[in-house]
Structures are given as structure tokens and as C-alpha cells.
Amino acid sequence: MGLNLIVLVKQVPDTQNISGNAMKEDGTVNRAALPAIFNPEDLHALEAAFTIRDSVPGSKVHVLTMGPPSAVQVLKDSLYRGADFVALISDRRFAAADTLATSYALKCAIEKLGNYDIVLCGTQAIDGDTAQVGPQTAEKLGINQISCVSQIVELDPEKRSITARRSIEGGYEKVKTGLPVLLTVNGEGFPPRPPSAIRMMTYKNATTEMSSADYDETYLTSGAELKSENTIALWDINAINADPESCGLSGSPTKVRNIDMVVLKSEGIRMIENTEEAIGDMVHELVADHTLG
Amino acid sequence: MTTKNSVMVFIQQDDGKVAEVSIELIGKARELAKQLNVQVTAVLVGNRVQKIAEELMPYGVNRLFTVEHKGLAYYTPVPYTKVVTQIIKKHAPQIVLYGATTTGRDIAPRIASALRVGLTADCTDLQIGDYTSRGQTFQNVLYQIRPAFGGNIIATIVSPERKPQMATVREGVMKMDQPDASFKGEIVQESVELSPEDFPSEIIERVQQEKSVNLKGAQVIVAGGIGVGSRENFELVHQLAHAIGGTVGASRAAVDAGLVSKDHQVGQTGTTVRPRLYIACGISGSVQHRAGMDESARIIAINTDPEAPIFQIANFGIVGDLKEVIPRFIKAFRAKA
Chain A
1 MGLNLIVLVK
11 QVPDTQNISG
21 NAMKEDGTVN
31 RAALPAIFNP
41 EDLHALEAAF
51 TIRDSVPGSK
61 VHVLTMGPPS
71 AVQVLKDSLY
81 RGADFVALIS
91 DRRFAAADTL
101 ATSYALKCAI
111 EKLGNYDIVL
121 CGTQAIDGDT
131 AQVGPQTAEK
141 LGINQISCVS
151 QIVELDPEKR
161 SITARRSIEG
171 GYEKVKTGLP
181 VLLTVNGEGF
191 PPRPPSAIRM
201 MTYKNATTEM
211 SSADYDETYL
221 TSGAELKSEN
231 TIALWDINAI
241 NADPESCGLS
251 GSPTKVRNID
261 MVVLKSEGIR
271 MIENTEEAIG
281 DMVHELVADH
291 TLG
Chain B
1 MTTKNSVMVF
11 IQQDDGKVAE
21 VSIELIGKAR
31 ELAKQLNVQV
41 TAVLVGNRVQ
51 KIAEELMPYG
61 VNRLFTVEHK
71 GLAYYTPVPY
81 TKVVTQIIKK
91 HAPQIVLYGA
101 TTTGRDIAPR
111 IASALRVGLT
121 ADCTDLQIGD
131 YTSRGQTFQN
141 VLYQIRPAFG
151 GNIIATIVSP
161 ERKPQMATVR
171 EGVMKMDQPD
181 ASFKGEIVQE
191 SVELSPEDFP
201 SEIIERVQQE
211 KSVNLKGAQV
221 IVAGGIGVGS
231 RENFELVHQL
241 AHAIGGTVGA
251 SRAAVDAGLV
261 SKDHQVGQTG
271 TTVRPRLYIA
281 CGISGSVQHR
291 AGMDESARII
301 AINTDPEAPI
311 FQIANFGIVG
321 DLKEVIPRFI
331 KAFRAKA
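Chains as they are written, first to last, in the working numbering: chain A, 1 to 293; chain B, 1 to 337.
Chain B with its partners taken away, still in its complex shape:
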């Protein structure tokens, strides 16, 4: 089978480590490719990436294109755009997917501009379907589904007339497949000519810490909002999380107010979560926040304001002061568990 018309994934690697979202996207690409009856391809750019290339194959890449150069160890926009644009032109995929990370959201628009194709940012779902406009029907078009207007609407975007169709996809919304060691794919080394002028950016310093908070994988999240009131009161949120084995989350308002660090932020501009249980403490429930947590299996809302929108999506609601409710919750849990 030819790799033309494939579903391609841009693999993001930082310092030899593959971004999780790239692996999530391989899984989604497989699903789309199966529906379209085409192959899954991927492009991996960096310096000495053979080892990570091999690690990626069991996730189901039919053909992985690698481009290596010592100037490509870290992402910078100009050379990466040049390299990936050339690979896309050469192999003519019908779909290209990027993680909606700072890197993905930096490179994808540049590539879209260079190729003069459409790009949809920050998708939360992708589907294949038909699109009819002015009596003309396009078959097997990529539906690029994303929240817009501050999360108040969900828009389905298509770009039927130009290929490839491109989208950045939010981290954590596509489920990661298990690797299959027996999967047979091919790694193809490609070369792109690069001159010193292709490297206008110099990275002087790079500081990156592993996320100290793993909200994405958390099964129980206790989140605090601006209604918690103070750093002191936020300690109650930490105590509840600790007591029931949960992870601390927060609304953007609480982060902006300095009650807790940004790593904890849940919502449209933070992390998207889908835990077994989400306990919202003093969170009013703005659309932006709900967009990041409304797929939680169970939601408990604790708020002094009975009119808070969070109660509209909660399974359990408690109108009351956290300083009373949380100690009661902890006491009850210790007694029952």
C-alpha cells in the first residue's frame, strides 16, 4: 500500500523524549486511517532520534520518516517548518495532526501558511464524514471538532478543497493505545538540505520541569476555585485530596489569584481531565472550566452559592461552607473506608 494520502502525525520530541500527545495522536490516526483505508505515517525531526523512532513503531506507524540534524535537537520554528513542509510535500498525506502544545501551536500555523492549507486549532474530536456545499459533495472529509467562543459552542470545521487537512489536537483527549511489539512498520531516513540561514533562532537557555502534578491520569480530583477565598483555606482542598488519595486541581480564577500554582489548572486553558470523581470546591463553574472537566464520571459541587452554574452539571450538590463540609467529608471517609 502506498503512503500517499496517508494520515500523518507530527511527532513532538523534546530532548529525546516523545510528547505523550504524539502517541495519543498515533492512536487516533490509526482509527482515521482504518476508516479511510490508508496508512499511518509520522514525521520525527531531531538529532539522533533512531532510538525514539524504534520506540514509536509498536504504537502502529506504518511508515515513520525521520530527519536528523544537529541543529534540530530542539524545536525552533524556521528549520522545523522547512523540514516538515518538505516531507509533507514529498509524501502528500491527506491529513496531518499535531499536538496542541506550545510547539505544535507554533509550527502548525507556519506550515499551514507555507502550504496555504486550512488548519483548525485545539480540536477535541476528529471524525470522518461527508461535506456538502453549494450542491457539491466532498466524501471522507476530516471533521475537525473544537470548542469555540470561550467554550460556549462546539464547532465542526472542514477544509475540503485543499490537502492536507490539518489540525492541532488538545493533549489528553485522545486515548493512548497500548503498544503492540509485533506491529511491523518501517523507519525511513529522509534528508532535507539545511543551510546556516535556516537557523535564525538560538536557544540561550531552556528550563523545563516535569509536571509536578499529574492531573491527566488522576482518578480522583479535588479542585478549588476562587470561592475558596485564601491560600489558608486552600489548605483544606489539599487536606481533602490527601485524605482520599486525590490530586489537587484548580480553576483559572484560583490560579490567577495566586491560591495555587498553574500546574493545577483544569479547564480550557489548563488540563482536560476525566477522573472517576471530581470534587469542585468553591468553583462557580465557568464554561471554560466545565469544558475541561465535564466528562468526569461523577461530580460533587460544594459551594455557598446555590445558584452557581457548577450545580447544573454536578451529580451531588452541597450548599455550604468548605470549612464545615470538608472536615465532615474527611471524617466520613476515614470512618467508612
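Extracted from the complex, chain A is given alone in its bound form:
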């Protein structure tokens, strides 16, 4: 008896490898210089799902992402790496969603898939760094959560229990709980497997198809297989039975009041020659004004 695994992933601008040219002179972000990537911790969550599938035969890995049509790239990447089913949740009415509205939409999409055992996602995304969507989705589903997971210590599909190791400040906890559960996975464990060349050939031309009718509402419980390998499901607000009032801007209690660019201002740097004398003078000055010593 396999497990139904759902992985929530996100396409994000690559904020981690910002080099000099990604910032314009006025301090604004040069978005064109930031490629869109698979959120790094989500790749670890996907790998965790594959690891579970490897150990519990018959398990299936379903990947969901919410985003604009271009986010389909992370779903293709998921297929290349071994996902069994992928769906893009996309609708203009989801735009400007904060974490609360996002988790509501994800909850609706997860419930559309039906019977699930473990929901996985990265602990946080590198664009917002909030780490809120995982716990909020768990609460909306009415299930338990284990956050910052770096390792699955034990998984018993018969007894429907799981023990995971989660990172805490200066150490770790091993937490045991029953299924279903939501795990947020950090970057410490589950190094992602690379995409498979054969799967890339199979799925590179996969297209999204606006079809909720292709899939039974309780697709997972009915055990139906994907009809076409070259299809990525595209779900809009109606397909996941979401209340428009709880989605997008209207479902978001937080508003951005204003954005300030971080402009680096040097109060005037003094360059010190790399000589004994110059360094000695600097140290002397720092000792004299009590910065040092």
C-alpha cells in the first residue's frame, strides 16, 4: 500500500546569488539580472518525497505549484526528476496573494487531489523568506506539522506513523506523529537528485492543459492514472473550488505600505596600504578611540 505524497513547490527569483550587476546604481533590483529558479529548499522537499517513494513501494509523488504560467518550468523540472503528477494552480484572481491567501489556495488544491498522506514543502522560499506557507497550509488542512525537517528517521506506513528530525537552535528534535502530516524540509538533508536525461526527452514538450475534467475529483482515491504523460494539469480558481474572496488581494490581510531600496552609503572609506606602517597607524587610531583594546 503506497503513500500519496504531495509536494508544494515555488518558482522564485534567484536572490541568493546576487552579484554587483543585479543592483542598479539607484539601489533598485535589476530583475532582468535575476533568473527564475526552483526554490532551493523545495528541491530538498521533492527529494524527500522521492526518498519516501523509494522506500514505500506503490507511493506516488504529486507536485503542485501556484504561480503565473511561466512557473510551469518548475513542474517540468519536477517531472524530469521523477514526479508522477504535476499541476499548475494559476489564475489572475490569485495575484497579490499574501501567505494566508496562498495557503488557502494550496489547501483547496490539495483537497482537490483528495486522499493524501504526507504533504511536503521547503521550509521557506528565498524571495520572501517567511516560512509561513507550510504551517498555514497545515492549519487550514487541520493536520499536524513538523517544520525544518532534515531527516526522516522512521516511517511506518502500516501504523501510519512517522518520526522526523527537525533542526532547532543549537541542536535538533526527533518528533513522532501520525499521518497525515505536513513536513517543511530545510536544506540540510535530502540532496536533490539530478534531472534524468530520459525523462527530459519525454517531458520537455509537456504542455499545460486547461482541464479539471480529465481528472476525477477524487483522483487519488480512485487510483486513476494520468491519461497523458505530456500533460501538465492547469487548475484555475474554479477547478480547485476556491472562494474568490479568500484568494489574491482580497484574501490577503497584509498590505505592502511602502518599499525602500537598500542603498549602500559609504561614509567615506579610507584605503589602508598593505604595509606594516599603514596597518600599524590604523590599529593605533582604533586603540586610541577605544574601538580596540
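Hints are not guaranteed to be accurate.
As the list claims (entries may be wrong) - Pairs of lysine to aspartate or glutamate, DMTMM-like flavour, derived with a Cα cap of 20 Å:
hint: 1; chain 1: A; residue 1: K255; chain 2: B; residue 2: E161
hint: 2; chain 1: A; residue 1: K159; chain 2: B; residue 2: E197
hint: 3; chain 1: B; residue 1: K17; chain 2: A; residue 2: E169
hint: 4; chain 1: A; residue 1: K174; chain 2: B; residue 2: E202
hint: 5; chain 1: B; residue 1: K51; chain 2: B; residue 2: E190
I should point out that these hints are in silico values taken from the structure, not numbers from a laboratory.
Assemble chain B onto chain A, guided by the hints.
What follows is chain B alone, placed relative to chain A:
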């Protein structure tokens, strides 16, 4: 004065020890409460917490709500969410603050979801001000200020229409107040009904070491980046820190490369520091790193690359090899000090 509309702090305790960030937040809550002319409340959940409750009062809590249960000795999400959500519903604070720790970042979103209110993660500043949108003005709104987009922007977030307004606040950015023994507050024991189903998590093992590195309180930090090159060269960073009485810091890249342990990490995903002197050795100065150290009073940057962004915020810059610069620095310090 009623406790309704108060500024509330979620007190994090682990094994009977209060997290420092919770005390920092009481100080910030006092400041906000004074501006709003309301009280400071706090909620403390655990098992046998009376003693720590009493220790907290001198920091300026008007009313501290405690909930005790043997199943609440350690944090787990489901029962803690239930308890704190009920306390919030009962006492209707206008603001609730949490430390942006693994616990705070686990519970706060769950509570926000249960209450369907806004939550801003990892704030570095909080202020009170007005907010106008579509011709409607909301007064005395909480400005939740945080870096976003990898630290490249600072965003001010508001959630004016739903109460409470909630935020997690990064450790170390709010200054801790001195306790005042004469401060009079009240401890109120609350009870929340909990059944066995409210405890789905079982903690099998818990290992936590005191931080071996105290970067937060350090006055002098010598930090190494990926440019240091090797563990061997990183020894120079340790030597300089030792010589001048500093603490060793590191960039994320240096930690990821295994040059030094994660306890030493400074930056957006590490510790935020504000020492008297920060010496950046072989650190290029990514935005994420600068976000954690740019409030240092003085910054010395040592790098072989004269174009490294770290020089943009440094007070002193030395272009050169650490293997030359550090021994010269140590020699000079020993001679002058």
C-alpha cells in the same frame, strides 16, 4: 486600565528557560504600548512556569497569562496553537509579537491561519503610524518592517483591517531593557481544556547545546568569508580574533564550504550583530551578509579583490592577502595596546 487592545508578547520558554528574544520583545511592546496608551500583556505556556513568570514581571508586563499542562513542557504546534489562539480570542490584543525563532516561526503562522489575520515574518523594526488606502485612513497601525527579496529591499507591511496585527521579530534587533524590581504587574493563571487528541506530536529526543559562540553580544568580531580559502587559512581569522579579544564570525559561504561551524554565521540567515568593530576577512559582502552586520560601528574590510562590494560599506579598506595583512595587524596591535 483594561487589557483589551493590549500589545501582547508570546513568551518562548524551552525547558524552563525564557528565550532572550521574548525579553527583547517585552521592551519593544512597552514602547509600542506607551504610544498607543494601552497595556503590555504576555502569554506563557508550559509546565510549571510560575517561577519564570515571576522573573519576567520586572521587565514591564502589566498582565501575564500563564497556561500550564504537563503536555506543554516543550513546544509542539497543535496544542500550543490551540492554547495561544484561545488566549488571544479571550483577551483581544491589537498586536501580538513572537520571536522569529524556529518555535516562533512554527507557531505564529499556524495561529495567523486559525485567526485569519495577517502576519509578517522576521521583522527588524516595528513602528506605529497611519495608513491610508483608497481614501480610507487607519490610525495607529503597526508598521511591520522587514528586509525582503534577499535583503535587497526593506518593506513596510501593514494589516490594518484585521486584529490582532501579528509579527515575528528577529532575535537581537530589539534592545533588551533592564528589569525594574519595583514594577507591578499581575500574573493570571488561565486554563484551556486539552484532550489527548490535542497532542499528536511526541518528542522522542531533544538535543540542544548552548550556543558556543556569542556573536550577539560581541563588541569585536573578526569574520571570515569564502575568500579565506581553506580551514588552514581560517586559522588566521581565529588568531586575529584571539589576539584582539574578538569573536569569530563567518559568512554563509564560508559556513557552507565547511571552513567554520554554523554557530559563527553572521547575516540574514545567521546572527544579526552590531559590534563596535567588525573585521571582514575575505568576505565579498553579499546583501544577505551585509544585512546582518551593516550596523557595526566600524568596519574594516580585507580583501584581495578591490571591487568587492564589502568596500562600499567599510570605514577602512585593505586590499591584500590575509596571510600578510593579519600577521601585520596582530603585530601592530601587540605593539600599541
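Checking each numbered hint in turn, tell me which of them this model violates, lowest number first. Nothing - there is no hint that the structure violates, so all of them hold.
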